[in-house]
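**Student:** Letter by letter, the chains look like this.
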Amino acid sequence: MKRTLGVCYYPEHWLETQWADDAARMIEAGLTWVRIGEFAWQRIEPSRGQFAWDWLDRAVQTLGAAGLKIIMGTPTATPPRWLVDEMPDMLPVDTDGRVRKFGSRRHYDFSHQGYRTECRRIAGAMGERYGKNPHIAAWQIDNEYDCHDTTLSYSEAARAGFQDWCAQRYQSTDALNRAWGNVFWSMDYDRFDQIELPNLTVTEPNPAHVLAFRRYASDQVVAFNRIQADVLRKYTDAPLVHNYMGRITTFDHWAVGADLDIASWDSYPIGFLSDRIEGTPAEKQRFLRQGHPDNQAFHHDLYRAVGKGRMWVMEQQPGPVNWAPYNPAPLPGMARLWAWEAFAHGAETVCYFRWRQAPFAQEQMHAGLLRPDSADAPALAEARQVATELLDLPDVEAAASPVALIFDYESAWAWDTQPQGADFDMFRLAFAAYRALRRAGLSIDILPPDVSDLGGYKLVLAPGLMRLSDPVRAALSTFEGTALIGPRTDTKTDELSIPTPMGPNLPDVDITAALTESIPPTDEIALQDGGRFLHWFEHLEGKAEVFRRTQAGFPAIMGNVHLRYLGGWPDDETFDQIIRALCDEAGITTHDLPDGLRVRDTGTHRFVFNYAPEPLTWRGATIPPAGVHWEPLG
Amino acid sequence: MKRTLGVCYYPEHWLETQWADDAARMIEAGLTWVRIGEFAWQRIEPSRGQFAWDWLDRAVQTLGAAGLKIIMGTPTATPPRWLVDEMPDMLPVDTDGRVRKFGSRRHYDFSHQGYRTECRRIAGAMGERYGKNPHIAAWQIDNEYDCHDTTLSYSEAARAGFQDWCAQRYQSTDALNRAWGNVFWSMDYDRFDQIELPNLTVTEPNPAHVLAFRRYASDQVVAFNRIQADVLRKYTDAPLVHNYMGRITTFDHWAVGADLDIASWDSYPIGFLSDRIEGTPAEKQRFLRQGHPDNQAFHHDLYRAVGKGRMWVMEQQPGPVNWAPYNPAPLPGMARLWAWEAFAHGAETVCYFRWRQAPFAQEQMHAGLLRPDSADAPALAEARQVATELLDLPDVEAAASPVALIFDYESAWAWDTQPQGADFDMFRLAFAAYRALRRAGLSIDILPPDVSDLGGYKLVLAPGLMRLSDPVRAALSTFEGTALIGPRTDTKTDELSIPTPMGPNLPDVDITAALTESIPPTDEIALQDGGRFLHWFEHLEGKAEVFRRTQAGFPAIMGNVHLRYLGGWPDDETFDQIIRALCDEAGITTHDLPDGLRVRDTGTHRFVFNYAPEPLTWRGATIPPAGVHWEPLG
Amino acid sequence: MKRTLGVCYYPEHWLETQWADDAARMIEAGLTWVRIGEFAWQRIEPSRGQFAWDWLDRAVQTLGAAGLKIIMGTPTATPPRWLVDEMPDMLPVDTDGRVRKFGSRRHYDFSHQGYRTECRRIAGAMGERYGKNPHIAAWQIDNEYDCHDTTLSYSEAARAGFQDWCAQRYQSTDALNRAWGNVFWSMDYDRFDQIELPNLTVTEPNPAHVLAFRRYASDQVVAFNRIQADVLRKYTDAPLVHNYMGRITTFDHWAVGADLDIASWDSYPIGFLSDRIEGTPAEKQRFLRQGHPDNQAFHHDLYRAVGKGRMWVMEQQPGPVNWAPYNPAPLPGMARLWAWEAFAHGAETVCYFRWRQAPFAQEQMHAGLLRPDSADAPALAEARQVATELLDLPDVEAAASPVALIFDYESAWAWDTQPQGADFDMFRLAFAAYRALRRAGLSIDILPPDVSDLGGYKLVLAPGLMRLSDPVRAALSTFEGTALIGPRTDTKTDELSIPTPMGPNLPDVDITAALTESIPPTDEIALQDGGRFLHWFEHLEGKAEVFRRTQAGFPAIMGNVHLRYLGGWPDDETFDQIIRALCDEAGITTHDLPDGLRVRDTGTHRFVFNYAPEPLTWRGATIPPAGVHWEPLG
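Residue numbers (the UniProt record's numbering), protein chains in the order written: chain S, 1 to 634; chain F, 1 to 634; chain A, 1 to 634.
Chain S extracted, bound-state conformation:
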């Protein structure tokens, strides 16, 4: 497949007289795609039922005529003021019970049935008008679900919806009371309408109550998305996409992805480094203008799986953004590197955000490919270089990876609800494991928690899954590679309680996590032969073989030849030791990479990326900062 570039564009922000020139410059820069439409509801429908299609028709025509393929966005992330006036209870409510007001974006409650109807209406109207338009080659539904913490809302609509959801799931309050353990602290309910949302309780609410609400909230995102997907499919055969974000775990992306054709995501490496990725101050300074060297890769791999093999970057950072605490400029070359890394991980398309820096409103300090005065911004030349390079390179195809990591959103909710240690976080744990794999030079697949076929892999990791699904359990029982699971894996029931027998309840491996400790940052659990656990440690018992012990003699890794359970959270160095030893066992080649260098193998090529601020040499090739190197695989 030929990989392509694109850009996000808001024709309604600019004089119509500029459109044709903008389109010509996009084509000149080698761009293939342009995304429009998202956020334009008010301009499309200035008042109820009065549609102003004309400008959008002309924008589509102008861009299409220039040779661009259009991604049309539904504008449901920005309901117009008149709609909010009609149904003010559509506004979301924050955890403190405060209404979140109109005046920015995402001011809607996923639970609100009236707003869902409106979204079906506007998406349907757009589908009807543009569904068969030859220039429209893809559709984006809404924009960045959960952005600004909007998955969870504590509104009346959410309360009513949650009570109904509970009634459907549990059928009787008696069943619910038993499932949640409401006998504890006399929390039993007699009627479903007594069940409130789990905010503002005197102390922490029942974790089963919270987990149920988290499931409910995720289900609403899925349902909200499905409504638009369903209506659009009536009118179009173009692929449907949503642009996910990074490090968002509040809804089940696997479930949303099931209703779409492509998973795209919005990649802002520098903004992320500063406030969404754990790291030492030294790391954050080293990669300040490049982003974390594993963060983009992780999300590419995750969304490639969520998209069932089809993955895009819908928004790619081109320069300084406006929303992080500090917003430095990328190192020259990073706008090229990030695009190539996406392609090497299977991205079909990378769209820069945005074409021209908007001179007004919230994002006026967010760089684009053009400056507000239409002069070239630095990233435009880098985009043009990528476009040129794409012409020369044979098609990049994804390769089968030897290693995989299972990632589960429900577990993230469970551990949010009951972290037990203040620094326990599902994404952090999974990302720690993923980073160790990357530092070993491996190319990785990420898998859903109900994966049933592990056949192609030599090494599978499953850190922090609250429980193993039946398909995974079955797959593990016949797995011929090595699985490394834990810590905290398979230690809870579906209702976030402790099972009897206590977990993990593994096929053919007798291990019990008898006692759990969370470890403050000042402490560690030292292992024999070097290494240490941080954050978390489980006292493992059972008849399974002990592969590694703590200095105090407790088991640290137990299991059998195919299935190992990790009883703690290794620090980076220890994770490296463990992964490399398992790879040696499994016959997987690992690499010693200089700090900041990363490798990704496709079906035909090896790509090498230098995230460091200095040149790095590996296997005879010296790669400059922000440099990309590729060579055919031998």
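Don't read these hints as lab results, they were simulated from the structure.
Treat the numbers as computed from the prediction; the structure is a model and nothing was measured.
Heads up, some of the hints might be wrong.
If we take Cβ atoms under 10 Å as the criterion, some of the chain F residues that face chain S in the derived model are [stated by the list, open to error]:
{"hint": "1", "residue": "Tyr10"}
{"hint": "2", "residue": "Ala77"}
{"hint": "3", "residue": "Asp85"}
{"hint": "4", "residue": "Asp96"}
{"hint": "5", "residue": "Asp149"}
No residue lacks a Cβ here, since even glycine has one placed at the ideal position from N, Cα and C.
Mind docking chains F and A on chain S? Use the hints.
**Tutor:** Leaving out everything else, chains F and A in the frame of chain S:
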């Protein structure tokens, strides 16, 4: 008196078929007491007036028949949902004005008259049914007053109650205006119903207003407790107990204790260390799995006094808990050490919390004596060891201590209200003084602020009392030992204003705290001959003798042979110097203890506890980590 | 002009029998002025329309008869309870939507029309009674506008007022939508009554919306003040004053000042150092008991300009205060130094706050010139010394300064709204520039953003002005000295968007700030020849001369001989280099001052102040800590 062990148990959490086996295992482990009933309101009265006594009758019978003595708890900390539905305004309101919802525990307002009536009703019903039951040997009222910051509520019920309380205390708004100094900033009131609760004011409210509200709130806890005590006494002669918490100063424990027979408290040494006790990171790491070596002792001594000599530990941490930011496991042996330390400080009974780790709801990660799967948890063997050791040891009786410390809750409210320095806290100051006494190897009594007899003591400390009560003032005027009072002692009126003459107004000692400085953490006041004040420094004037000076020449300690006023807050080393010098003067023997070793003398024995993570040797005996050593007093 | 001292006094706090003695002691101490009346509304008008003038008449008579000149304060910062009962919607509402309750002070909303009417009524009544009284020599309106963050209120009154303000400013929603760029995120409005206040939005509101609200809020302060000024001028010819605070940028002091005769401010050097001034821990420790050596000077210079040449210190810290996180005592001598520094900067009068420490209510721990028991507090002797010294010194007159700094409140609102970097703050930037000037020994004028005449200056700084006003632009085009503007100067339109052409748009100098970076604290932009930018860096382009470059070769300072644009935020050392080099160019003499020494030249004298805690020697004179040295200018 024979010291005993016990355990907390929730029969309603388990199959009835398990009860007899549980009871037998308790007896086998050497336990004497079992606490039940607290939190079970919904199971006792599933709907209004429909009592389900049968299961509780059988639980009492099963446990009693096995030979256990039962502590029956009133379940008023967990009103059931149907009751909240009947009177939703019984819910407490937080300082931001948000209703604190049903869904956990302690969801009631102490001021709500309707809820008080309900508590009288349910406690009366339980008293009527079990008051004469031979297996019920004690009653616990409610659970952990103020847990989750529930003493202060900003509800309508509290507002109405506070206005009435003000009317009763001051009789006229004119008197109130004068008492509070409302002329300042035109805050005068014309009617009592104009007086709002002191939250959400534009800037800090009048401190006299706040102190009045703190007094009111404490009075409500006392009244709430008294209602249940009064109704239970109609039906039973068994002792009445409440289980207090650690470092809670929001209500007057002396006043609550006056209505009860025994003061018990809930001791969680490791959870406390992490987030309720000041300490350097090095100290917190050193005692991470043991708890602070003085925290348990302080509360034992405090509650022995609150209980007028009768003190229990109602809940003793047995392993990792679930509620601290990080929850490591205790060092092996600590579950034994903590029990013995309690006994050495006069505890009659130590009950571990809880029997079996609950697999569901909020506390599912809180260890018990059994694991959720009923296997022995580590603490069970330690409890059994204590039970065996108790059989061999002669009865431990409390001894007269040579030193005492006066502790006053009102002063804590006063300094909360008007700290003047961001790190001034009454408990912190009192605990700093107490720790210095403990480091000197002393056994200490804690006394109420209205104590009238200091006759038995050689050294009395009274740090931070906003004013000296008339009895203390009288006692000091004839005291033949040495009293060390201050800083900040006797510097305010009863209405939290500055008296004229300015304080301290001491018998026969002319000292005035003319000017007060709070000192940021970066600064200190250096003393002559070494030592320093941190946090706080008062410029002392007057004709009294100067015992110590700052390097700048200001008085640091003034007074006479019997009464010394301390003009600042000594750091630990300086407090050690001061205490040891006073002990030398007073003829009190002090000890040089290795870091982490602590001593407690009873009437017959000297107990030595090793809180350090390494073995310590003292006077020829080497005590392992978590070790307890005792020997008869010479 | 003869400089004078004064004091703040609250006769209503004290027995009437003390007044005469107090007045005599004031005179004895050399005080000229006494401020009374502020906060006394309830005592003046205990219930609606029932005025109790008698006590105030007697106070005025007693003080006046003793020879004191009276500043009469209007009591509108403390509306009495009965007034709040009449119009409860006059209370302000915080950003979270919570009503800010009665119980302290400043509990009013500037937008509330009913309260404005009440203020006109009470100020008018006071003016009518005392406007011609010979003892009343000045009037203070209200007290400390914005204290406790009261400029911004999110009440219904504010919402209605803001909608009307928008309608008047923009005339049509269409114009408003265009001005704000509401096309972004579909934020367009159809009617003015749809426009809500910009709090509690889902994510940040449109910055143009916020800036409009900030302008609106500032306008309300101006209007509120003008109402009282207008009514007082009917009755009195005495000068009208307001007492501003330090580092308050929420309203336009230039605009408030335009309606008054004198600008006074309340100077609390030690309280400010701890929590309102950036500084390293070492600096904060070094100046702990003295205050920041440039903070007082900055505000003296600022308010001298706001007062059109007439500046007072209305409240001067005399000892420890009660409101900072920590409240140490000033170094002996500072109460004198601060007064002299004010005089050297042109203050006509310095009033200490307060006469006698109040023993009750919120400020009971705030020192005065007397202790609560009426004994002399340490500052009284220092005040007396200043009074004596004033007798000997020839009149101090302000001199023309060679350098000036333009300070703009609107820019502060703009950068609050859109900081782009978490540590960007307008005051901080301006103060950094001012401090560099002060370290060079310069005396400085501060100028408003619409200044049209720069003729007298050799060096003018304009850091961080969102746009250059037309007068400044005109003045710069003919300026014969050197202007150093930037960073971030003239980079926005009046509606906080990016202009085309992009700024700065300077007369005869071609520079474009093409790209902006905010820099985290861990990073810096190194300059050639040493030095560095922190916090902020702009990529400058254009044909103007490059005066300095970064190590990476980017321009750091561009411009021409008269106008330089600074592309980043220099650290202190670099600012020193830049300022000294410009002064050398401009022929301005600079000084090398020891750390903590500061100089201020008046028309006749050079004053030298030692803020350091140790003696400092400069030009042969050794000045003790807290010492003041003056000598006639040569």
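**Student:** It remains to establish, for every hint, whether it holds in the given structure.
**Tutor:** Structure-based check of all given hints:
Interface hint at F:Tyr10: satisfied, since its Cβ lies 8 Å from the closest Cβ of chain S, which is below the 10 Å cut-off. For F:Ala77, the shortest C-beta to C-beta distance to chain S is roughly 8 Å, which falls under 10 Å, so the interface hint holds. Here the hint on F:Asp85 is kept, as its CB sits about 7 Å from the closest CB of chain S, short of 10 Å. For F:Asp96, the interface hint holds, since its Cβ comes within 10 Å of a Cβ in chain S; the closest pair sits about 8 Å apart.
At a threshold of 10 Å, the smallest CB-CB gap from F:Asp149 to chain S is about 9 Å, leaving the interface hint in force.
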